Amino acid sequence: MTAPIQELRPGRTDGHEPAVRLDAVSKVYGRELLALDQVALSVDRGEFVCLLGASGCGKSTLLNLVAGLDRPTAGEIDTGDARIAMMFQEPALFPWLTVSGNIELALRVTSSGKNTTKKERRARATELLEIVHLGGFGDKRPHELSGGMRQRVALARALAQEADVLLMDEPFGALDAMTRDLLHDELERIWRERELSVLFVTHNVREAVRLGDRVVLLSSRPGKVIEDFPVTLPRPRRTDSAEVAELASTITDRLRQEVLRHAKPATQPAAGAGIEK
Amino acid sequence: MTAPIQELRPGRTDGHEPAVRLDAVSKVYGRELLALDQVALSVDRGEFVCLLGASGCGKSTLLNLVAGLDRPTAGEIDTGDARIAMMFQEPALFPWLTVSGNIELALRVTSSGKNTTKKERRARATELLEIVHLGGFGDKRPHELSGGMRQRVALARALAQEADVLLMDEPFGALDAMTRDLLHDELERIWRERELSVLFVTHNVREAVRLGDRVVLLSSRPGKVIEDFPVTLPRPRRTDSAEVAELASTITDRLRQEVLRHAKPATQPAAGAGIEK
Amino acid sequence: MISAIVLVLAIWELVVLSGWRPEYVLPGPVAVLADLWNRLGEPEFYEALGVTMRRAITGFAIAVLVGLVVGAAVSRVRPLRAALGSLITGLQTMPSIAWFPLAILFFKLSESAILFVVVLGAAPSIANGLIAGVDYTPPILLRAGHILGLRRLALYRHVILPASLPSFLSGLKQGWAFAWRSLMAGELLVIIAHQASIGEQLDNARELSDSPGLLATMIVILVIGIVVDMCFGAADNALRRRWGLDQRVG
Amino acid sequence: MISAIVLVLAIWELVVLSGWRPEYVLPGPVAVLADLWNRLGEPEFYEALGVTMRRAITGFAIAVLVGLVVGAAVSRVRPLRAALGSLITGLQTMPSIAWFPLAILFFKLSESAILFVVVLGAAPSIANGLIAGVDYTPPILLRAGHILGLRRLALYRHVILPASLPSFLSGLKQGWAFAWRSLMAGELLVIIAHQASIGEQLDNARELSDSPGLLATMIVILVIGIVVDMCFGAADNALRRRWGLDQRVG
Amino acid sequence: GGGGGSSGGDTAKTTEVRLGFFPNITHSTALVGVQKGFFAKALGSDTTLKVSTFNAGPAATEAIFSDAIDATYIGPNPAINAWAKSKGEAIKIVAGAASGGVFLVVKPEINSVEDLKGKKIATPQLGNTQDVALRYWLQEKGIKTDTKGGGEVSILPQENAQTLQTFATGDIDGAWVPEPFASRLIQESKGKILLTEADLWPNKQFVITHLIVRQQFLKDHPDLVKKLIEAHVESNAFIQSDPAGAKEAVNAELKELTGKPVAPAVLDSAFGNITFTNDPIASSLVGSADHAQKVGLLDPVDLNGIYDLKILNEVLAAKSQPAVSDK
Ligand SMILES: Nc1ncnc2c1ncn2[C@@H]1O[C@H](COP(=O)(O)OP(=O)(O)OP(=O)(O)O)[C@@H](O)[C@H]1O
Ligand SMILES: Nc1ncnc2c1ncn2[C@@H]1O[C@H](COP(=O)(O)OP(=O)(O)OP(=O)(O)O)[C@@H](O)[C@H]1O
Ligand SMILES: [Mg+2]
Ligand SMILES: [Mg+2]
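Protein chains in written order, with the numbering used here: chain S, 1 to 277; chain Z, 278 to 554; chain E, 555 to 804; chain V, 805 to 1054; chain Y, 1055 to 1381.
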């Protein structure tokens, strides 16, 4: 399903080898919950792919599989020897380290970071914190930050890894629109400079259109790829531009069909049962 | 600042006594971090107030203070004898209880729930789960749910409390737009039926306009009320309606000014420092 | 597991065969297992085992109760904590024999005296486990409970206690070890008519310089300890599975 | 704290004054405190205290090392866990006296024999504390560490160990109690002439039915236990403050 | 291996003799010998004496078994056990040290054996000399007992220190105990002597302490053993000739070892009741083992060869004292 569309996409791939390739991947939780069903998806080198889908459709599951944190029940996942960084849906910061310490730990493990001194890592962490607009918070502990700030620390930590593939699970969900816009720019810049391959989960359709080379739609239970929209708008794009809004509304409509198809059986009785006081 | 605007607002108050009143409330964390500075805010009975502000500006702090989970450094908070329910920014579900168990616990503590049987509570929990579109997930444990599903369980739990005041901290942040729309409708219906007073934190300006009687803007560090927009659009409103979009863009502009004012000193060096490979 | 046992036995036999020490000092596994086998054939052994297990379980049960109450009180009531917090560990370090005179003073030469020593040995551990669990209850869950309207006892029962369960469990495990060791000492305190016990057998073996007997009794103690640990382990695994703390990665 | 002590002393004095038991069986606080005061005046007491504390600290330090290594290995290496997991608790339940013959066999009548008993008493607790901590490491943090590229030892050092710290700390506390109790028993095993120790003083007091002396020594032990607990408590509080586990609500 | 204990049996020069004993009045021979320097003097300047104290027999036996000491003062039961368990390989008794000083102390209202029925009597340890003696005596008197505290008289083995307490609080009615506990029961808790164990033995003599050595040590260093025994004999001689000085020495040594001297009254009374003698009173050891078998507390054991009194008799002969017998 993805193959014919790839030709249209303004990707900057250097050949035929995709950075991430999923082949008929299924994932069953417990005995019967089919979270992913025969998903085929590939992300080319340097490509920015956004993943959309209703809540609970299997997006995080897919990312976990790609990251190698979990094993698929069936199918194959190939990420070659790419180094993979991931931003989880939760910040997942280490509470025993300061904000800066969290980032320094990531820096320490990277191949280029192995020979750096503590001081260099510290300086680099400070830079990264400034990128996510948290300059001056390096010495705080995670619990002293607000939800959105923690999410940004997690972003800085993921960027610190200097990976080839970046998996992001609703990375800007807890941010206000303005901070989000600023970070979109930063992320786009870094993506370009490092020639990253990005797999980006979001619920914000405009965000997906703003950032992605492609927007992939997943259906719910079981999660299946139902549509793959190429985004050919020239960059830099603006979230509030009319073109983005237009494509976003096309995608939203398609998504709405899908969600409503599932939601109906659940909403009907709920409306009937109601909440009386 | 809020007083003159209250007259304009289409609230359904029954008198002069607000449900929540904050008077010159300040909150200092540690020795110097001034999170909230002289905040004055009131929510009338049956009023729906949305709170907007940049990441880290003190929204969660404010909600915690209102809920009585934390004490203000200065100023007064009056919630009378209202029963207060709250949805945290994280789901905060009890991992040792099933999804249904989490809701049943909340039901058990409510005044009306004290005399109910286990079976009645179970049935009520099932109803509530259906309202948040999680019918059939009652027997799962929280860790078996996706992020957005957990958030919806937390919503169901908060609704189960049958409180007079509902505090919500980015309740729909992890949900897709479609599920979000469905839940907006449900929330609005319950708010009307129960004559709830709601204080609702969100980063989604349209959502705020879609739901609120008023939209209150907070500035960053220190958090201060900088603007209080009444929303006079007739209900039911639609998130994608032109009127909502228009008001939202007015508010967004105002917010942008505020965020940029703060973000600048941080972005400048970051752009310079950049991320080189 | 089995291969580990065989390995240990083999090394042991080799050391003995090497003649490092005479057999009467360090008997080989054959002698010890023979002795053990003999014991297992005697009804007296099962009586002793029964008596000891009964005491262990009774004492432990009382200790759990006491530990729960004390732990609950101390962990949540500030003045109590200031007054008693450190005392609990202080009591924990008190060797059983120091309690013997008091035990006899209060309970004469009765089984209660043994239980007294056992409870004093185990309860502090259990209380400390609970206190640690309470201290490390995630604040967000406390807040959630508070918002639900849970206060004091209700908060304790519905939030703090379940959240402390893992730590409480590990306190129970340590408490069992303390209870058992105190019991082994306490069983020498009061010898009650017609009742042999494992503690007494251990002491007799040592008193008679009966090395195979001593080692056989040690094996019995070890096996009981292992079986009890397995019970705790099963509880622990069930807990972790339910809480979603399965740790497989990749 | 002080009021609690005064209260206890008052009740105790009342019981004694009531003549429930003769003074030489249950001496009053005055007699005991006088005895304690005498002891505190003798240089011998400080020698004994020094000897015992040196042994306790050395033994505990070795136990921490052993416990760490064993706990780390057992908690992460599956076959080891299957083979040794429950054995650790088994060892923990073994009373110190059972080890005496082996201790003498391996170490003769040297201080090492005492340390052997102390280490065997404390190390299992410490290992178990670490294992419990490892088992309850939040999976999301493990995943985060895995994604950062941390594997095996590095994952252990940077994620699992710090995440286990609270449980490890409480294991240390229990381990100290075990170490101390084992030491009190072990000090009777190897009595190095003319080197007094607290364990020996305790036993002497008991052997001579010197009730005031026994109670005075118990007070000394209690105080040491309390002081040590306060050290652990301080570490624990620092940890919780840094991790943001302050539990004040409302 | 510190100090050069020779386990290998070669001729390595031993520069250290490791002697054990208990800080206990029945071990006065050792206490006086150490305090007065008899051992140091006898061993000479090129051999040092290293003393270890034990709080009970098993630890001393373990130490001897493990080659951690070369010789120790010890009671008859641990010696028999060490002999029996090692099938006669581990130790030899080379001299006697003390005799007598064991009593059945009871509450004042008990006046006869008949009065003991239904009462609780303590002994120091199941199967030890005193325990056996009490059981055998009761058996002779036709009173039934069993090893688990049942029967017409309930026998409760418990540590002597605990006996002091339980007697004082009235939990037990009597105790068959050695000095100084007998004296303490009498002086502190108004107990009275119902029976003196010595009355049950020929010549009113029975062993409660003797000196044993490791067989290997005896084989390798008979010269050192001889020096030990010389000091031992000298110490006993001193106790007999100068009881007051001996008591002083005992209390001085006890104070050093345990921090507390024994009350003078108790010391006087206990010293008066114990005879310090080089004679191991072999007949009482064999007799006691025989009684133990009769009351079912000991498997048949062959004590033949447990004694090696050759050196002792040499030493005694040198001082023209009468020889002792191993029968
Ligand atoms: N550990 C687990 N055990 C059992 N079921 C699970 C587990 N994790 C996820 N699931 C189930 O798999 C499905 C997909 O979950 P997933 O977390 O991938 O959804 P998602 O697309 O990320 O949703 P959201 O947008 O809400 O985060 C859900 O139905 C969820 O209940
Ligand atoms: N427990 C705490 N200790 C110290 N500082 C804190 C604490 N909680 C919050 N802060 C600080 O207070 C400020 C406001 O935090 P708050 O969580 O209220 O922000 P917020 O408006 O909810 O942000 P977000 O939208 O990102 O959730 C932040 O600067 C944060 O660093
Ligand atoms: Mg997800
Ligand atoms: Mg917040």
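These are computed hints drawn from the structure, not numbers from a lab.
Since the model is a prediction, treat every value here as computed from it, not as a measurement.
Certain hints may be false.
Only pairs whose alpha carbons sit at most 25 Å apart, straight line, appear in this in silico BS3-like list of lysine-lysine [stated by the list, open to error]:
(1) K1314(Y) <-> K1104(Y)
(2) K1104(Y) <-> K1258(Y)
(3) K1174(Y) <-> K662(E)
(4) K140(S) <-> K118(S)
(5) K1173(Y) <-> K1244(Y)
(6) K1090(Y) <-> K1301(Y)
(7) K1381(Y) <-> K1104(Y)
(8) K662(E) <-> K1161(Y)
(9) K662(E) <-> K1173(Y)
(10) K1173(Y) <-> K1301(Y)
(11) K1348(Y) <-> K1364(Y)
(12) K1381(Y) <-> K1348(Y)
(13) K417(Z) <-> K224(S)
(14) K1173(Y) <-> K1246(Y)
(15) K1280(Y) <-> K1381(Y)
(16) K1174(Y) <-> K1348(Y)
(17) K1198(Y) <-> K1246(Y)
(18) K1273(Y) <-> K1141(Y)
(19) K501(Z) <-> K140(S)
(20) K662(E) <-> K1244(Y)
(21) K1348(Y) <-> K662(E)
(22) K1198(Y) <-> K1171(Y)
(23) K1244(Y) <-> K1171(Y)
(24) K1198(Y) <-> K1174(Y)
(25) K1171(Y) <-> K662(E)
(26) K1202(Y) <-> K662(E)
(27) K1364(Y) <-> K1280(Y)
Kindly indicate which numbered hints from before are broken by the structure, ordering the numbers from low to high. 2, 7, 10, 11, 21
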